[in-house]
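Based on the sequences and whatever the hints tell you, model everything.
Chains as they are written, first to last, in my numbering: chain A, 1 to 737; chain B, 738 to 1069.
Nothing false has been slipped in among the hints.
Listed next, the in silico SDA-like pairs over lysine to any residue satisfying Cα-Cα at most 20 angstroms (straight line):
#1 A:K172 <-> B:R815
#2 A:K237 <-> B:T998
#3 A:K237 <-> B:T1012
#4 A:K304 <-> A:E242
#5 A:K696 <-> A:T736
#6 B:K939 <-> A:Y273
#7 B:K823 <-> B:C866
#8 A:K730 <-> A:A717
#9 A:K43 <-> A:D339
#10 A:K294 <-> B:T1012
#11 B:K823 <-> A:S129
#12 B:K823 <-> A:Q167
#13 A:K175 <-> A:E209
Covered, in the sense of this in silico footprint (three residues per stretch, anywhere, with C-beta under 8 angstroms from a C-beta of chain B), are these stretches of chain A:
#14 118 to 131
#15 220 to 230
#16 251 to 261
#17 283 to 289
Please keep in mind that the hints were generated in silico from the structure rather than gathered at the bench. Since the structure is predicted, the reported quantities are computational estimates derived from the model, not experimental observations. We treat Cβ as the ideally placed atom computed from N, Cα and C, and that holds for glycine.
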Amino acid sequence: MKKSLQHCLSVALFLAACFVPTRVAACFSDPSWSWGPTFQIVKAYNNDDLAFRSTSLNETVDFWYGYLRHSVDREIILTFFQSADIDNWEEDQKSNAFVQKLKADAFALKYLKTCLQLQSGTSESWDYSANEAMRAAAAKSVAQMQTVPAAFKYRVALLKMRLYASQDDHDKIFKVWSLDGQNCPDAALKKRLDGYYASALYAEGRYKEAMAIYTAIGDERSMNMCISHYAGYEGIKQLAEEGDQSQMLYYAIQDYANHYCVSLYNQYEDDEYYQSEEYIEEAKDQRQEADRIKQLCRAHQNDKDKQVWLSLMAWMELTDKHNAEALDLASKVLREKVDDMQRDNAQRIVMLARLRMASSVANEKEAKQFADDFMTLCNLSKQELNTPYTVNEDNYYSIYQDEEFCNHRPNFCFLMSTYSPVLVKYFRSQHLVHSQFCAQMLTEEVERMYYSTNPDYIEMMKANALGTNWFHTLNDEVSPADISSLMTALETKKSTEAFAKNLLKNCECDKQAFNDLMGTKLLRSGQYAEAIGYLQTLLSDYIRGNAYQLYLAIRSYKSELPFKRCQYRDPYFDDEPTTNNRNYKLEFCQKMVDLKQKMQAANGEEKAKLEIEMAGRMYQASSHGDLWALSNYSWSAYKSEDDALCTQARSILHNALSDCTSKQTRLLVYYGLAAIPAGKEPFYALEYDWESEQFKYSFTKEYHPARQAYDYLKAHASESPLTSECDVIKWYAIHTK
Amino acid sequence: MKKVLTILLLGALCFSCQRSALNPRYGMYYWRTTMGWESDDARWADSIGVETLYLRLFDVVRDGAEPRLGMRPEATLRFGDADRSKAFFASFRRVVPVVFIAPDVITRDNAGKMPQLAAMLLGRIDQMCELNGLGRLSEVQIDFDWTKSNGAAYFSLLQALADALHREGRTLSTTIRLHQLALQVPPVDRGVLMCYNTGKIKDPDEVNSILTKESVTPYLPHLKDYALPLSLALPQFGWNVVFHQRQFSFIAPGLELSDTTQFAAIDATHYRARTYQAVPRALSVMSEGHVRIFPGDIVRREDSSDALNLEVLEEMHSLRPDIADEVIYYRN
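Put into structure tokens, the structure is as follows:
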């Protein structure tokens, strides 16, 4: 009986084990700022035709250059059209090489003159009469162009369309289009004709037809105007009911995904507004709208163009963090016959959904998948960055949220704003330092490619580890032991972390930067002897090229007292070179090792004085001191936590209290304990009092480690200039009990 | 007896003067870029007997590429069919051409160019009017929101214009914003006190940025002694002001606020959007970014009010009667 019971229990346990879920949802959330308009199922414009806006001028110049069989320099023609003005016509006929060449060609001359007349007539100048006269003259001239040489057939069509556009005569534009414009064989010229035709269509409310043309010629702003008539549920529903297979439906869906869903995502932000009653109401409306659209998607998911509906649904589920559903839907899209853009779009959804569903304990299979996904995204991003695109110069900082830019670089924007931050956050939560580093470094490699298109950034981005996020992440978050392990992994290209294992081969090890980092972190934690090993490997060029070197080079290492300001040279007014290649960090560590040894050998008052010197150096090298660049790579007024060097300095000063025998030394020790910041919150603040129009000190009433020191100094305020001439102590002595 | 009758007669006359003082002549601003006279505009103008058309001809904007002044005309009114325009203008007793000058055009630095600007402005105004069947008009108006820093330069422009116009027996007027009542009086023959857009449109807590009594009251002390004949401009329009998460988004024309599938009424003037939609014809001059409405966005409907207009008119009239001689409506 006992045996069969045991047997039953074993079976029961075994069965229970079979049904225990092996995938547990990851316990991290997306960084809330990481959602950009990267849904793309339809092309914004043809990437092989850069800068549509400059096409008109180039097309015109190319025509005339060809017409004249290259007998006039192209530059002369370009210059003519860049500043062409009908007011100069008489003069140009006499002296401009291009116009003179047309002397014997009556029609060409008439055509050119008419173009200039129309240009003048449709511009807004101070001479209104002249403008009107020109427009009338152009109209008359166009009316006279009955017999048109073959070479000018379509150019005259364009001229007519321009004239009729200035008169808001859409019917005539349609006539010209129908007779000639649509048959134009020259692609560049046809684009210009298309533009006028589409404008007339738009003006007549024929948005879908206009949209088709604007899409083909890549006029994005006009496309957005067309889409705006169909944006939202009603528009999408109407297009779907009409059986619309055109770009308009795809764009309306894309518009919805990139505007509405992006705004919907914000409900996960940790902001006061999102807790307000007002927002709760807003969220209800958002939910209803989203549900309506999902219903619409479900109703059309078996249509001929089901992939766009499935893509939208997948995107919406992703927005709602229904990752399994998003993965399932996007996978369905990938099983359909879709173009590259739609495939990439679905792929992005799959990647993010997969990542969000990562196990709470990383496993080999998942890690390999993430590595593959990540590298695929990086490579697609690099391909995108290799294609020319003129980016809005003002937008370098907010580029990943910029709709137009994201439309041209969806993979890159997705990598930068969404996938990579989520991946890094995942690795951080798992304490997978090698993987986190690989993800950051390789992401920044792609980003560097983007910034290399901006001349202002090229120098900054040139192999400067201190300008990278991965460097500062390691500095801020990772222990020296973990950094050391990372360095080994980078050198050997081996790691126990599955993700990193797959990607280390793609990562460079900047040994100088790593040695600097290790040495600095060890210096910061007071491990000077260990730091020396790393710091002495730093080369002169590396030291000189670092941004922090300037801040060390301009400072004097002699301060009047260990806890007072160091003198420094103003880098902007000094004739001497402001930076150098002196290894200040190494010298500091060597000095500190020497001091430590002396301290260990000393006793009493002598030891106390050495301790004071040591504490002073620690303080100066801390983030609060003037030599902050010894232990930090940046300076900020905001200190997030207690500085380790300050903590150590205070500890040493407490020892000095026991060691010192003289009153003056004791006073100096307490002065140090008062001067060196203790804890995150300062003991006092200096504020301006508007009533009395004076600066005043205020001291915290809460317990503070510095209080004992201040009380001692207050009690002995008159015994030394150190205390009697210190504003803070004087104020404390007068205004506190 | 004779004395009593005289007194009674005089009293009756004064009473009738008082009544006719509140019976202003009407004008309207026409502020479009193309001539298009809608039938409801005509009906409205007829119903109140609009006599004077204040016709915006063009704006003046900065343009560094313009070689002479660094500024040029923009958004010139297109008159369209000549006969239709002629018929339209004939329905008014008077037409006054107006030019709007953008805020950044006149500065202390280009004060020296004002005489030349005056000549070019007047030249263009007269050309436009003559070529489009209006002839040489007796009054010209300039609309510019001047401040203390550019006031001197603007006044020199006005002086140059006034001198040229006066030589031909014509007159010059300018728009006066409420806050300018406290500033120096410009060298013109007449001012038009703009009593609309007096509030803070971008403030989500604003009640009505078009016009409220509260927004006008602080300036009234300066009205009585303002040393320039004044007409009064009042609003005759409404619009939808859209806010996204309490931030001003844009002004949206053509919203169907009564459609409960799209909007839910919060109170008499506020609506919450229930659906996502784009607005193709949003006024871009006021929009800051996207022109889309998201579910949860708040729309504040603002309308001018005849009752409030009358209240403002009566209050101002009590301080200076001449302001009620003419009321000019702005309809957008």
